[in-house]
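Colleague: Protein chains in written order, with the numbering used here: chain A, -6 to 262; chain X, 426 to 733.
Because the hints were derived from the structure by calculation, they are not lab data. All C-beta atoms, glycine included, are put in the ideal place defined by N, C-alpha and C. Honestly, I wouldn't trust all of these hints.
[Said to hold, decoys possible] Quick look at which bits of chain X chain A covers, simulated, 3 or more residues with Cβ under 8 Å:
#: 1; stretch: 435 to 442
#: 2; stretch: 634 to 645
#: 3; stretch: 660 to 669
#: 4; stretch: 681 to 695
#: 5; stretch: 698 to 710
[Claimed, not checked] Here are the computed lysine-lysine pairs in the DSS-like style, where the Cα-Cα straight-line distance is at most 25 Å:
#: 6; chain 1: X; residue 1: Lys600; chain 2: X; residue 2: Lys571
#: 7; chain 1: X; residue 1: Lys468; chain 2: X; residue 2: Lys506
#: 8; chain 1: A; residue 1: Lys48; chain 2: A; residue 2: Lys(-4)
#: 9; chain 1: X; residue 1: Lys504; chain 2: A; residue 2: Lys202
#: 10; chain 1: X; residue 1: Lys600; chain 2: A; residue 2: Lys54
#: 11; chain 1: X; residue 1: Lys505; chain 2: X; residue 2: Lys707
#: 12; chain 1: A; residue 1: Lys214; chain 2: X; residue 2: Lys708
#: 13; chain 1: X; residue 1: Lys708; chain 2: X; residue 2: Lys506
#: 14; chain 1: X; residue 1: Lys681; chain 2: A; residue 2: Lys48
#: 15; chain 1: X; residue 1: Lys600; chain 2: A; residue 2: Lys(-5)
#: 16; chain 1: A; residue 1: Lys54; chain 2: X; residue 2: Lys571
#: 17; chain 1: A; residue 1: Lys48; chain 2: X; residue 2: Lys430
#: 18; chain 1: X; residue 1: Lys707; chain 2: A; residue 2: Lys15
#: 19; chain 1: X; residue 1: Lys571; chain 2: A; residue 2: Lys(-5)
#: 20; chain 1: X; residue 1: Lys468; chain 2: A; residue 2: Lys48
#: 21; chain 1: X; residue 1: Lys430; chain 2: X; residue 2: Lys468
#: 22; chain 1: X; residue 1: Lys430; chain 2: A; residue 2: Lys81
#: 23; chain 1: A; residue 1: Lys54; chain 2: X; residue 2: Lys681
#: 24; chain 1: X; residue 1: Lys567; chain 2: A; residue 2: Lys81
#: 25; chain 1: A; residue 1: Lys54; chain 2: A; residue 2: Lys153
#: 26; chain 1: X; residue 1: Lys600; chain 2: A; residue 2: Lys(-4)
#: 27; chain 1: X; residue 1: Lys430; chain 2: A; residue 2: Lys31
#: 28; chain 1: A; residue 1: Lys54; chain 2: X; residue 2: Lys707
#: 29; chain 1: X; residue 1: Lys681; chain 2: A; residue 2: Lys214
#: 30; chain 1: A; residue 1: Lys192; chain 2: A; residue 2: Lys81
#: 31; chain 1: A; residue 1: Lys(-4); chain 2: A; residue 2: Lys31
#: 32; chain 1: A; residue 1: Lys150; chain 2: A; residue 2: Lys81
#: 33; chain 1: X; residue 1: Lys430; chain 2: A; residue 2: Lys146
#: 34; chain 1: X; residue 1: Lys571; chain 2: X; residue 2: Lys506
#: 35; chain 1: X; residue 1: Lys505; chain 2: X; residue 2: Lys681
#: 36; chain 1: A; residue 1: Lys(-4); chain 2: X; residue 2: Lys708
[To be verified] Have a look at the derived ranges for each label pair, beta carbon to beta carbon:
#: 37; chain 1: A; residue 1: Lys31; chain 2: X; residue 2: Phe603; range: 21 to 31 Å
#: 38; chain 1: X; residue 1: Ile712; chain 2: A; residue 2: Ser162; range: 42 to 52 Å
#: 39; chain 1: A; residue 1: Ile42; chain 2: X; residue 2: Phe486; range: 50 to 60 Å
#: 40; chain 1: X; residue 1: Val475; chain 2: A; residue 2: Val46; range: 23 to 33 Å
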Amino acid sequence: MKKFLAFVCFLYASLIIFIWLKGDLNNYIAPNMQIYIKSSVFFLIIIGIVLFVNKINYRFKVSDLILLLPFILIMFTSDGVLSVDIAKVKATSKSRNKTEINEIKKDENKQNDNIIENTPITQNKIEDFYFDIEESTYSYLADYLTYMTGARKYVGKTIKAKGFAVDYSEYLTDDYFAFGRYMITCCAADAEFTGFMVKYPSDKIEYGKWYEVEGYLELGKDSEGYDIMTINPTSVKEVSQGDSNNNVYSCDSYGKGECEKLQKYDLEY
Amino acid sequence: MDTIKNISIIFTSIFFESIPFLLLGAFISSIIETYISNETMAKIIPRNKVLGSFVGIFLGFFLPACDCAVIPISKRLLKKKVPINVSVSFMLASPIINPVVLLSTYYAFYNKNPEIFWYRLLFGILIALIIGIIIGIIYNNKHIIKNELLEEDEDDCCCECGHDHHNHKHKHTFKHDFISICKHTANDFFEVVKFLMFGAFIASLVQVMLPRNVLLVFDNNQVLSVLVLMIFAYLISLCSTSDSFIGKSLLSSFSKGSIMGYLLLGPMIDVKNTFVLLGNYKKSFVITLISLIFVVTFICSLLVVMLL
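Model the full structure from these sequences, guided by the hints.
Modeller: Structure below.
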């Protein structure tokens, strides 16, 4: 038991290498953080060797077995992909009944007509603009188009995005569903759902499945009554997840280079 | 089964994310132990409580890591006879005012709510200063550290000489120093990791089991919503480099004052760090420190509510 700590160092290093070689590190840690965890392997091995070959004054206690907890829990993580239920747990809107939500949303159409009428076409440099959301810009673009008031100028523009459907029935009327991805800034613990509301009957979609939605951006209301960009779809296709991950990363996780790609959408970062 | 899977993934991600910062903290701590003598430390650090706390805060700016990394260093500073107010101010300020955290707060808030960035910086410094001074008065010259995991006794000093490293004139070779640094790093690393496991596990449970919309129960009450978000920050134990982005997503449902409570408290103390502190410091000290953090942060957040 004198060598227990050395053994734990080697085990931690092996665990990181295992997840890394399996290609699942992206599920746990954002890309910009991975260099640190990968470097840790080297230091853990060095420390392990020093503890193994040198005499140390360590007395094993049963409570030290807690150090093995990551090895027990890793068995339950399978592919390391967070399930879609988490999106519902992390939602910070008040649950409301359908009548309340309908009341909040009843002025939506009038609002959209006003915006389109009052947008001077001559000042709009992005006429016929088309957003095809890429993996690397997904989180920022979805957040921007959904929440930023400046995004109102995109009402009427076309968009195509891909993501999984989540059960937001407590926040949406039956003629809407929500879909998107988990955005990670640092690690899976800070994963937040980011995506769009789609004007499409929720009984025609299945929560957890992946969809590709193409349509026009409109201004809607969320369950709190705040303006929110929504998609009025021309097509909603169920697609396979393919190479896409449930997770996308914030611009800060990708680094400035990726964020600069946003310029092609005429957005500021 | 999905619940267990989610808990395991979140736990593993917290663990993975913490390892590099813990190693960095433990490494810096061991460098201090190996190369800086108590006497040198006493010469550098001012004894005046206010000035000393400012030095602690200033040192905190240069550690680009989150809350886990600062505990081994602040503990080592205490062992080096650095006044407790300096060590505490350093421990509380570093996770808020280091450049990485400042940058992430800047990105999250500066475009639309620049005042949140400035208030986080200013109140972060103020809270670290106030609590450092109060703890300095209460715990002046009191022993608050628990025993080491790897015991250093007469037979097994890291340099195998059986004395404190700086109370003798041995020639320390590279090999001796290297082994000493590795042993001290291992000691500080495992002392924190062991307790981090409990905290990370509870944080994972909370993240998966506690629906966030319960936070909205007091959203109409400015004072109570500050308290609710402080407790939320304490329970979810997010890394201070990423908590700004969650804070930003809460802006649509909470006042800026409440968000400030969340942004100030989370980096200073959370459930994960509570376990680490309890494993390394005496219980009475930990309880006093956590109570002070809650009270002072609450008062500062209410000030922000009044200002904004």
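Colleague: Compare the distance between the alpha carbons of Lys430/X and Lys31/A with 25 Å, and conclude whether the hinted pair is satisfied.
Modeller: Between Lys430/X and Lys31/A the Cα gap is close to 24 Å, so the pair holds against 25 Å.
Colleague: Between the alpha carbons of Lys430/X and Lys146/A, is the straight-line distance 25 Å or under?
Modeller: Violated - the C-alpha atoms of Lys146/A and Lys430/X are around 41 Å apart, more than 25 Å.
Colleague: Hint check: Lys681/X vs Lys214/A, CA-CA at most 25 Å. Holds or violated?
Modeller: holds (22 Å)
Colleague: Would the hint linking Lys468/X and Lys48/A be met if the CA-CA limit is 25 Å?
Modeller: Given that 25 Å is the threshold and the Cα spacing comes to 34 Å, the pair is violated.
Colleague: For Lys707/X and Lys15/A, compute the direct alpha-carbon distance and say whether it is at most 25 Å.
Modeller: Not OK: Lys707/X and Lys15/A at ~42 Å, beyond 25 Å, violated.
Colleague: Is the straight-line distance between the alpha-carbon of Lys600/X and that of Lys571/X 25 Å or less?
Modeller: The given pair, whose Cα atoms are some 29 Å apart, is violated under the 25 Å limit.
Colleague: Would you check the hint for Lys430/X and Lys468/X, treating anything up to 25 Å between C-alpha atoms as holding?
Modeller: violated (52 Å)
Colleague: For the pair supplied as a hint, Lys54/A and Lys571/X, confirm whether the alpha-carbon distance does not exceed 25 Å.
Modeller: Distance of about 16 Å is within 25 Å: holds.
Colleague: Lys681/X and Lys48/A: Cα distance at most 25 Å?
Modeller: Between Lys681/X and Lys48/A the Cα gap is close to 54 Å, so the pair fails against 25 Å, i.e. violated.
Colleague: Do the Cβ positions of Lys31/A and Phe603/X conform to the proposed distance bound of 21 to 31 Å?
Modeller: Given range 21 to 31 Å: holds, Cβ gap about 22 Å.
Colleague: Starting from Lys430/X, check that the Cα of Lys81/A is at most 25 Å away, please.
Modeller: Holds - the C-alpha atoms of Lys81/A and Lys430/X are around 16 Å apart, at most 25 Å.
Colleague: Would the pair Lys54/A and Lys153/A pass a check requiring their Cα atoms to be no farther apart than 25 Å?
Modeller: Violated: Lys54/A and Lys153/A sit about 57 Å apart, past 25 Å.
The structure fails to meet hints 4, 5, 6, 9, 10, 12, 14, 17, 18, 20, 21, 23, 24, 25, 32, 33, 35, 36, 39, 40 from the earlier list, while all remaining hints are met.
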